[in-house]
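Asker: Required output: the full structure, derived from the provided sequences and hints.
If you read the sequence shown in the numbering used here, its first letter stands for residue 1257, the second for the next number, and so on.
It is worth saying that the hints were derived from the structure and are not from the lab.
Every residue gets a Cβ at the ideal spot worked out from N, C-alpha and C, and that includes glycine.
Honestly, I wouldn't trust all of these hints.
Said to hold, decoys possible - Think about it this way: if two alpha-carbon atoms lie no more than 25 Å apart in a straight line, the pair counts; the simulated BS3-like pairs of lysine-lysine are: (1) Lys1409 x Lys1446; (2) Lys1446 x Lys1490; (3) Lys1446 x Lys1429; (4) Lys1473 x Lys1430; (5) Lys1565 x Lys1393.
To be verified - Per label pair, the in silico range of CB-to-CB distance: (6) Ser1468 x Arg1540: 31 to 41 Å; (7) Ala1301 x Phe1377: 33 to 43 Å; (8) Lys1473 x Met1517: 18 to 28 Å; (9) Gln1464 x Lys1565: 34 to 44 Å; (10) Asp1463 x Lys1320: 18 to 28 Å; (11) Gly1465 x Asp1559: 39 to 49 Å; (12) Lys1539 x Asn1422: 37 to 47 Å; (13) Asp1317 x Asp1463: 13 to 23 Å.
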Amino acid sequence: MPALCAHPREVCMTVRVSAQWWLTPVLVSVSLVGLPTPPAAAAPAYADNVVVIMVDGLRPDALKQAEVPTLDGLIKRGASTMKAQTVEPSLTLPAFASMMSGLPVDQHGVDWNEYDPPRGFIKSPTLFEIASFNGRKWGAAFLNKEKLLHVIKQDHQLLLNVCSINEQGCNAKKITGDVIDSYKTATEGKPALFVVQLADADAAGHDQGWMSKPYLKAVEEVDRAIGTLLKGFKDLGLYDRTTFIVTADHGGHAKTHGTSMAEDMTIPWIAAGPGIKAGYEIKRPVSLIDTAATIMRAFNITDYYVEWKSRPIEEIFVDRAGTPTPSGAAKPNR
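Answerer: Put into structure tokens, the structure is as follows:
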């Protein structure tokens, strides 16, 4: 059942988610020579967990002008492109719907950009539903804007937290802290797929202008918050089994966005985790829509929604195409 959080505008849904010492030193040293070296633990080829972080309004060139050690570290550890493209119109809600559904705007139908409950929910299956069908039963969404509730449906197997950017204290630092706290306190099921939206940079862009000093400062604050999130996953023992994807819904120019200008359309796309190449620059064109299928690929799920326009970014994976899982085949337990 939904429960009220500490913040008045924050809505949560917490779910039931023997050494022989008498040998001489000479004999000991000789006996060790022939022993085989224990094999090193193999790095996991696929992810047990995927965390998708959508940094609202993040332009790729901001990563060159701001101090972003966390994102720089993910780029070095994983695969990335600074030339990915969002959808048209380059607005938060349509773009988020495309990322979550793997479909362009004209197919998923979410072409508005405000919270309007009478419009209902997206009609297409989303990442959470498809992941659930494939054995990742529990998910978690941490949203900085209420309008994204048109895409994220409340479900008994979904941890849902909305902390509106319009409310004091609802910033990237709080939201990333909530991710870790919610995982620790989830008693019935632990999430495997996390979707996190951080709106600090977008708010600063609308207020002071994209690429302004306040905007770049907000980008740095988001970077620190993501660093806290990564540390939390390390402390929980999840880091080495988790793929992290960081991207954006759109860029921005002046104090706005929504056009087909390169400043609005071009976004960063970064992935790091099990089975993903390190320090790799993606060669092929990347669309925000491709995030959905790439998330499934990181889980080693290859039979998914056939109507998707989303295509996995195969070149980032060490094993490339991997081994497809036939439809209806048993999935590996993770």
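Asker: Does Lys1430 sit within 25 Å of Lys1473, going by the straight-line distance between their CA atoms?
Answerer: holds, 17 Å
Asker: CB of Lys1539 to CB of Asn1422, is that within 37 to 47 Å?
Answerer: With a Cβ separation near 40 Å, Lys1539 and Asn1422 satisfy 37 to 47 Å, so the hint holds.
Asker: Can you let me know if the beta-carbon spacing of Gln1464 and Lys1565 is within 34 to 44 Å?
Answerer: holds, 35 Å
Asker: Can you let me know if the beta-carbon spacing of Ala1301 and Phe1377 is within 33 to 43 Å?
Answerer: holds, 35 Å
Asker: Do Lys1473 and Met1517 keep their Cβ atoms within the hinted range of 18 to 28 Å?
Answerer: The hint (18 to 28 Å, Cβ to Cβ) holds, given that Lys1473 and Met1517 are roughly 24 Å apart.
Asker: Taking 25 Å as the top limit, are the C-alpha atoms of Lys1446 and Lys1490 close enough?
Answerer: holds, 16 Å
Asker: Within 13 to 23 Å or not, the Cβ separation of Asp1317 and Asp1463?
Answerer: At 19 Å between Cβs, range holds.
Asker: Between Ser1468 and Arg1540, does the beta-carbon spacing fit 31 to 41 Å?
Answerer: Holds: the Cβ-Cβ distance is about 33 Å, inside 31 to 41 Å.
Asker: Lys1409 and Lys1446: Cα distance at most 25 Å?
Answerer: Roughly 18 Å between the alpha carbons, so the hint for Lys1409 and Lys1446 holds.
Asker: Take a look at whether the Cβ-Cβ distance between Gly1465 and Asp1559 falls inside 39 to 49 Å.
Answerer: holds, 45 Å
Asker: Can you let me know if the beta-carbon spacing of Asp1463 and Lys1320 is within 18 to 28 Å?
Answerer: holds, 22 Å
Asker: Tell me if the straight-line CA distance from Lys1565 to Lys1393 falls inside 25 Å.
Answerer: The hint holds at about 24 Å.
Violated hints are absent here; each numbered hint is respected by the structure.
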